[in-house]
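**Student:** Single-letter residue listing:
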Amino acid sequence: MKINTAGVVLFFLTGFLALSCAEARDLGEIQKEGVLRHLGVPYANFVTGDGGGLDVEVMQLFAREIGVEYRYVETSWATVVNDLLGKQVGADGNNVKITGDAPVRGDVIANGMTILPWRQKALDFSAPTFPTQVWLITGPASSLTPIVPSGFIEDDIVATKKLLTGKSVLGKNNTCLDPSLYFLEDINTAISLFEGGLSELAPAIMQGKADTTLLDVPDALVALARWPGQIKVLGPISVEQQMAVGFRKDSPALQEAFAVFYRKIQMDGSYHALVSKYYPEVFDYYPDFFTVK
Amino acid sequence: MQRQGIEIRSIFGRTPQLLVFFCITALICGLLVINYLSQRSLQQANIYRFQQNFQKSTASIAYFFSERENDITNLAISKPVTGFFSNRNLGMSMTYGLRSSLNSITQLFKHRTASARMGEEFIYSHLSLLDIDGKILSRWPIDETADCQKVPEAGGPLTVAVTSESFGCITFIAPVFLHDKLQGYIQGDVSFDTLTSYLLGDTPGLLFITIAGRLVFQSQPETTILPAALERLGRTDTVWPVELNRDDFVDPATATYAQKTAFTLFFSSLAKYKINLYLAEESSTISRRQFRLLFMAGLGVLSAAVLLGSGAILRANTRNVILETSLFEAGRREKAVAEKVEELELIIDGARLGTWNWDIVSGQVLFNERWMAMLGYDPGQLDTHVDTYTNLVHPDDLEAVRKNLRAHLKGETAVYSVEHRLRHKSGKWIWVLDAGKVLRRDQTGRPLRALGIQLNLTEQKEAQQFLGKAKEESDAIIRNFLDSLIVVDEDLTVSRVNQATCQLLGYSEEELLGQPVTMLFDDPVELVRGIFSFYAVPDSDPLAGRAVLRNVDLSYRSKDGGNLPMSFNISRLQDDAGKITGVVAGAKDISRLMAVLDKVAQQKNYIEKLFDVLPTGLLAIDSSMEIIKTNKAFSGIMQNWAKQFQVTESSLTGELLDKLKKALGETMEHDFALTHNGLTAYLQYNATPIQFPGDIERVVSLRDITDRRKAETARILLATVIEQFADAVIITGTDGVIRYVNPAAIRASGYSRRELLGQKTAILKSNQTDPTLFKELWQTITGGHVWFGRMKSKKKDDTPVEEDVTISPVRNEEGDITNYVAIKRDVTKIDLLQKQLLKAQKMETIGQLAAGIAHEINTPMQYVQNNVTFLGRVFEDISVLVRDYRQLLQTPGIKLSDEAVKHLAEIDLDFLMAEIPQSVFETHGGINRVVKIVAALKEFSHPGSQAKTLIDVNHTIENTITVSRNEWKYVAEVVTDFDPELPLVCCQPDQLSQALLNLIVNSGQAIAETGASVPDNPGRIGISTRHRGDFVEIRVSDSGGGIPEEIHNRIFDPFFTTKEVGKGTGQGLSIAHAAVVQKHGGSLDFISEPGKGTTFILRLPIKTIENNKGLV
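Top to bottom, those sequences are chains R and U. Heads up: the first sequence at position 223 corresponds to 223 in the working numbering, and the numbers run straight through without jumps. Quick note: to get the working numbering, add 10000 to the position in the second sequence (first position is 1).
FYI, nobody ran anything at the bench for these hints, they're computed from the structure. Since this is a predicted model, take the numbers as computed values, not measurements. Do not rely on the hints blindly, as some may be mistaken.
[Claimed, not checked] In silico SDA-like pairs for lysine to any residue, Cα to Cα no more than 25 Å straight-line:
#1 LYS10110/U <-> ALA190/R
#2 LYS10181/U <-> ARG226/R
#3 LYS10796/U <-> ALA190/R
[Said to hold, decoys possible] Facing chain R, from chain U, some residues (calculated, C-beta under 10 Å):
#4 LYS10079
#5 THR10082
#6 GLY10083
#7 PHE10084
#8 ASN10087
#9 ASN10089
#10 LEU10090
#11 MET10092
#12 SER10093
#13 LEU10098
#14 ARG10099
#15 LEU10102
#16 GLY10665
#17 MET10668
#18 HIS10903
[Unchecked claim] Far from chain R, some chain U residues (derived; all Cβ distances over 12 Å):
#19 GLN10043
#20 LEU10178
#21 GLY10545
Every residue gets a Cβ at the ideal spot worked out from N, C-alpha and C, and that includes glycine.
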């Protein structure tokens, strides 16, 4: 009999996490204690770091919806999943590996987190909240020329990857900007992993720390607006991806409450208004995503 | 006659009436003339007013245009617009990146369109971004039908152009430059309807607008003016009205005016934009023509309706007077208003006031330049919506602002006034006094417009805060002043006193305040008064003009009558105007001071002793680097090194001071060295600036760190050695956690330094090592002994490693074990080499034994062979004898005994006679074979000689085949193909034999790996010889599996083998190669085909015996 390895890993992971998270809470405990802890990493306009951001406002509305206080808990990309699960976890290809324990610091992750296979094995995601894609970016002085769009995303990705031959690319581990997710090791590309925050990738490339870098669309839109003429979008590295709110697998009631809430703010237009506030350009790129069906 | 008389009487009788009539008539005529003149004057005034109003409207339009200029120019230099072109110039596509830049511009247009309003109506019908060819890149409101616009022929400054008439709008267009290169244009469209309805909405009549002589707008489209008239108007350069007849219109039939309607044309110009505005107004509207009708009517009914006419004239005059009066009054008011406005502007400007003008309905607020400057912005930099203003208000003040404003808007307060903070462009907060008032409300009382001013209060606020803080600080200082402190006003009464004084005197603060200052002292009243009013002495007095009296000795008198001698410093106090308001006196208890001085003297003595007993060298130096004082430790250091350097102490001290002088100029703490006669003293100094009475400027501490420096040098050397040590060095704590690894350990383990540090040594542990070994290891090292042994570890990639390990405990000064040091050497390869070497030595020994055994076997085999030969030969003789005996037995009369017959039957003589020769023959053959093998073995294993000799290669090969038979006979057959004419070759026989043996054995093993076996599936070893010019070529081929291509370049490497451990030494082909190539100058190559086999080609140079005499 052939054993489905991923399934077994997922089974044990789910059980393991469920048993190990002493501080993990579901909706009942959250309402009893009266506070929703939102794990966030300052990133693009999802969490701006000064108390605002699309995901911050959504979580504030959600906390109000379930009748509790809102509390923002800042973390980092390296530890955000750990802080939710109470375990030190990391990506192992498309699988997830557990390397130790960690304190549980929050109830929900909302900071423009891309749905990735390994994350799906560690977390439960809400319905997609934001579209994204990974673009290849370079500095203005680079000799690399942006691709001419063909109308077919797959062809555009191939054309973009060709540009990387013999060049260096900057990525970030454990995020959607991990070069290994897009098989960049298979082409003649020097890969380096960035130690700083995601929002610092664009400045890093402007300072010439690598030939190119990966940026997801939301961050690229912010960077284009902030530094016009200072970064150059070469083309896509990935097909369209989606972002969502992350939950522990043992918090079904909280997930259900958020699903109802999210549907509600979609229907009454308040989610659309928030997206317009923080990402007015995104509707041009993904006109269908925000159409309420 | 009578009748004539009557008529004459009648006439004369009416003379008075006639006179009255004529008088009245004359009066009426006079009134008519006056009326005419006044009408005429009124008409002129009306025209003048029309023209003035029209000029004002035109000025409004000019202002409106300049605002639009600013709008469009600001958009053209805005970040989103220049950013878009920057990104486009980088080559980015719309799909990937550029669209967001364009969308930012659209959002900007949307916002600007929404914020630029006149009343409820948007000013701009469209805002567009055009590329250099006029193609529309972005447009708001979005208009899919428009795709291209006319653009100026060349860039240049802002120009105003007009679209086609069908659009009915005026267009403002500004070029966008990036790095001085034209990139595109910003275009704003303003509808004529919007323009005229708000700026010329109150103007009656027909309005025409021409731009560059071309009619672009008229207020009544059905009344089109003739081009000829337009041309005539175009030549007009006066602002004075000109007559325009109805015939000047294109189609008089459609005109609503009467046939003889005359117009008065008003003209105004915006020269900057080449725009002319014409206003055609019916002349009747401007100048009433009634005066002519009244004049005619007056003449007609003059005599019949004098009273009526007079009344009418009087009424008309009255109206005229009223109208004239109202005109005068209006003019006077306008002038007054203008003067007031000017006065107000001067006041606002002079008072440095910011002003705001809030259209409450639209939310738009106009701020003056002063206000913008107050917040650090340039005009036009801030959006003018009220929300923008709200965002600038400090969050803590926002509620108060809203509350006050709400109350005023509701009419609850007469004016709106509040002090609050606004965010400056730099991010700091400024205080403003914000005051305003609603000027206009609608019928329901809803506010429509409000005006206000703002005064920057930041400096006052800061000054207030500063004063408040200063007062608090001064209060705190006085209150907490440790010594006695009193403030005495100019009336010499105590106005303030601190706690220390109260405690000293035994009074409460309330008891002292307001009391005469003399009450506090034991000294004569006059003396006290004189001292506390020292500032009021005559100019001739020595104290005149002094601000402070110092060290004045007075004695307090305490509440209980005690006398307290004090020393006072008294300073006069002045207010902001310079007026002296009293004095402040601070006092010290001298008795305590004396006690303190005694204590200081003791402390000084103590410090001086301490100075000498300190182990650190100390020297006090003055500003000119002269030594003031040194301690014993310093002298000790100098004496010690002066002795070692063999110099005088004074010269060494001088040298030290020179070094110090130089070093102190750079840093206050440093090391330096003194060197003499090959010896070096390392000294460390630390200089502390100090203020002592006298000239001491610095105290320098000096430490002899020579020993420490040497130890440090030794430590660095040791660390460097460890770092560069070829063996792995790992230092752990007693808990087994790794604290240090050297580079060799990192290389050997495959882990990074970061991965190893903090981990337990178990990370390197292999499961292949016996656990009891570790137990023994820990027992040894925890017992304080050194452990040495061999163990198996593993690398990061799980590769097993065999290591010789020495682990030593490290003890601290107390003898406790604090760490363990492990030195590890990878012996994996050495171990393998040792095994292979052992096997090779074993094989060599066996070879030597074989030679001896062959020799031992050879001798008995010789006589066995001889004896068998002898037996064969004699049996032939015996056979003849037996045959003869048998023939004899057949002779009649000869009879054998029964026993002989019986024996003869038992031995089956016929059988023996047939089989014994065969047995002897076979035995002989076997012995010959043994002899041959022994001879070959003997020859093969003969101890090697360095001498070369001529040999028969074919024979050598046959020998080798014989010797190696056991290696191939079960798996292959050997097929030879020798060249019978092969010349002799000069070589070392044992080396060639060894090379051939290795090749044949290698072939046999290669065939065995394919599963071949004799006799069912035999492999094949082919050996051929050929004469190739100066070489003899030997080919050894096999039908094995071939050599994988990836190891072709390694098969001749020493110790390289693909066989499992223990089955091959990895030296066979290496030895063969060395024997052929290095010892004989030949070559050894191979051809291999996977799955088919390998052929080794051995070439030996042929050398004649003559050529090699010396070698033979």
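**Student:** Determine which of the earlier numbered hints do not hold for this structure and return their numbers in increasing order.
**Tutor:** Checked against the structure, the hints that fail are numbers 1, 16, 17, 18, 20, while the rest are satisfied.
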